[in-house]
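K.L.:
Letter by letter, the chains look like this.
2 protein chains.
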Amino acid sequence: MKGSDDITGKGEIQIEPIGQIKNDFTEEVPEDYKDKESVIEIFEGYKEGLLGIGEHSHITVLMWFHKGDRSIKQVHPMADEDNPLTGVFATRSPVRPNPVAVSVCRLVERKGDELLVKGLDALDGTPVIDIKSYSPYDISDPEYPDWIPR
Amino acid sequence: MKGSDDITGKGEIQIEPIGQIKNDFTEEVPEDYKDKESVIEIFEGYKEGLLGIGEHSHITVLMWFHKGDRSIKQVHPMADEDNPLTGVFATRSPVRPNPVAVSVCRLVERKGDELLVKGLDALDGTPVIDIKSYSPYDISDPEYPDWIPR
Numbered sequence: 001m002k003g004s005d006d007i008t009g010k011g012e013i014q015i016e017p018i019g020q021i022k023n024d025f026t027e028e029v030p031e032d033y034k035d036k037e038s039v040i041e042i043f044e045g046y047k048e049g050l051l052g053i054g055e056h057s058h059i060t061v062l063m064w065f066h067k068g069d070r071s072i073k074q075v076h077p078m079a080d081e082d083n084p085l086t087g088v089f090a091t092r093s094p095v096r097p098n099p100v101a102v103s104v105c106r107l108v109e110r111k112g113d114e115l116l117v118k119g120l121d122a123l124d125g126t127p128v129i130d131i132k133s134y135s136p137y138d139i140s141d142p143e144y145p146d147w148i149p150r
Numbered sequence: 001m002k003g004s005d006d007i008t009g010k011g012e013i014q015i016e017p018i019g020q021i022k023n024d025f026t027e028e029v030p031e032d033y034k035d036k037e038s039v040i041e042i043f044e045g046y047k048e049g050l051l052g053i054g055e056h057s058h059i060t061v062l063m064w065f066h067k068g069d070r071s072i073k074q075v076h077p078m079a080d081e082d083n084p085l086t087g088v089f090a091t092r093s094p095v096r097p098n099p100v101a102v103s104v105c106r107l108v109e110r111k112g113d114e115l116l117v118k119g120l121d122a123l124d125g126t127p128v129i130d131i132k133s134y135s136p137y138d139i140s141d142p143e144y145p146d147w148i149p150r
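Protein chains in written order, with the working numbering: chain H, 1 to 150; chain P, 1 to 150.
Hints listed in this document are in silico derivations from the structure and should not be mistaken for laboratory results.
Remember, predicted model here, so these are calculated numbers, not experimental data.
Mixed in with the good hints there might be a few duds.
Since the list gives no way to pick out one identical chain from another, each pair is judged satisfied if it fits inside one copy or across any two copies.
With a straight-line cut-off of 30 Å between C-alpha atoms, the simulated DSS-like cross-links for lysine-lysine are [to be verified]:
hint : residue 1 : residue 2
1    : K67       : K47
2    : K67       : K36
3    : K34       : K111
4    : K111      : K73
5    : K73       : K47
6    : K118      : K22
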């Protein structure tokens with residue numbers, strides 16, 4: 001138990017990365033990232049958390065987008081000036097006060113402390129803070145703005 | 001821009017909550033939480049990030065499960081001893097090294113710096129670290145272990 005009970009309301013939270021992304025995306029994520037493979041390297045001490053992960057076809061990866069500008073609170077979504085100025089909390093923009101990314105990708109193979117995955121939209125060296133099993137949320141008929149791709 | 005460029009690989013990450021949960025769940029989340037309302041109070045300085053959020057029927061809420069035991073790496077999923085011992089990264093258990101919860105809930109109404117939501121599985125006082133628009137991931141035929149409810 002580490003730093004769990006001393007957090008209330010506005011207190012600061014400390015996160016220790018459990019791994020990092022290794023791939024060829026050093027400058028930017030390519031448009032065809034869904035077809036590209038990455039490796040998630042799990043750091044020492046966290047490997048036992050992977051027990052049974054091979055039974056999943058997909059995983060949810062939480063990452064820290066360390067290059068994201070934390071001061072930005074409003075954006076034109078999809079980097080398109082024609083889309084209305086929108087609060088970052090109403091988007092999935094990578095820039096936001098706490099740039100935690102939530103990505104679902106295919107788990108191709110586990111090799112020891114490495115996970116080979118396909119379709120991850122993250123740069124090489126991105127810290128990984130958590131991995132969860134994928135589960136669909138079954139939201140029927142969600143409503144959202146026109147700028148979100150259907 | 002705050003503490004964004006000095007993060008690489010294993011460096012520690014500092015998160016400042018952007019809000020907190022207010023509801024009647026002081027001890028535990030009730031089984032019928034999907035029918036219950038909560039309020040997300042957004043802290044000062046983050047309100048402009050909400051612009052346009054009212055156009056969404058559902059939002060994705062990232063929270064810090066401050067009561068989660070960070071030392072646990074394996075669990076019997078769904079708190080059922082009959083389920084096989086499983087690494088936390090292959091589950092959605094609230095106990096894990098970095099207990100960041102990802103929950104999708106219905107946005108009922110925005111009132112200034114408060115969001116009235118329905119179906120949030122979190123205790124009163126839980127720190128909120130991010131809000132994102134909801135979008136379905138369109139994973140066709142995911143495969144996962146039998147202990148995950150269909």
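K.L.:
Each hint: holds or not?
P.N.:
Going down the list of hints, with the structure as the test:
Taking identical chains as interchangeable, the C-alpha atoms of K67 and K47 lie at most 30 Å apart whether they share a chain (26 Å) or sit on different chains (23 Å). Only within a single protomer do K67 and K36 lie at most 30 Å apart by alpha-carbon distance; the minimum there is 21 Å, versus 37 Å between protomers. Proximity of K34 and K111 under a CA criterion of 30 Å is satisfied intra-copy only: 21 Å inside one chain copy versus 38 Å between copies. Proximity of K111 and K73 under a CA criterion of 30 Å is satisfied inter-copy only: 19 Å between copies versus 40 Å inside one chain copy.
With identical chains, the CA atoms of K73 and K47 are at most 30 Å apart between copies only, with a shortest distance of 9 Å across copies and 36 Å within one. Taking CA atoms no more than 30 Å apart as the test, K118 paired with K22 passes inside one copy only; the shortest distance there is 12 Å, against 38 Å between copies.
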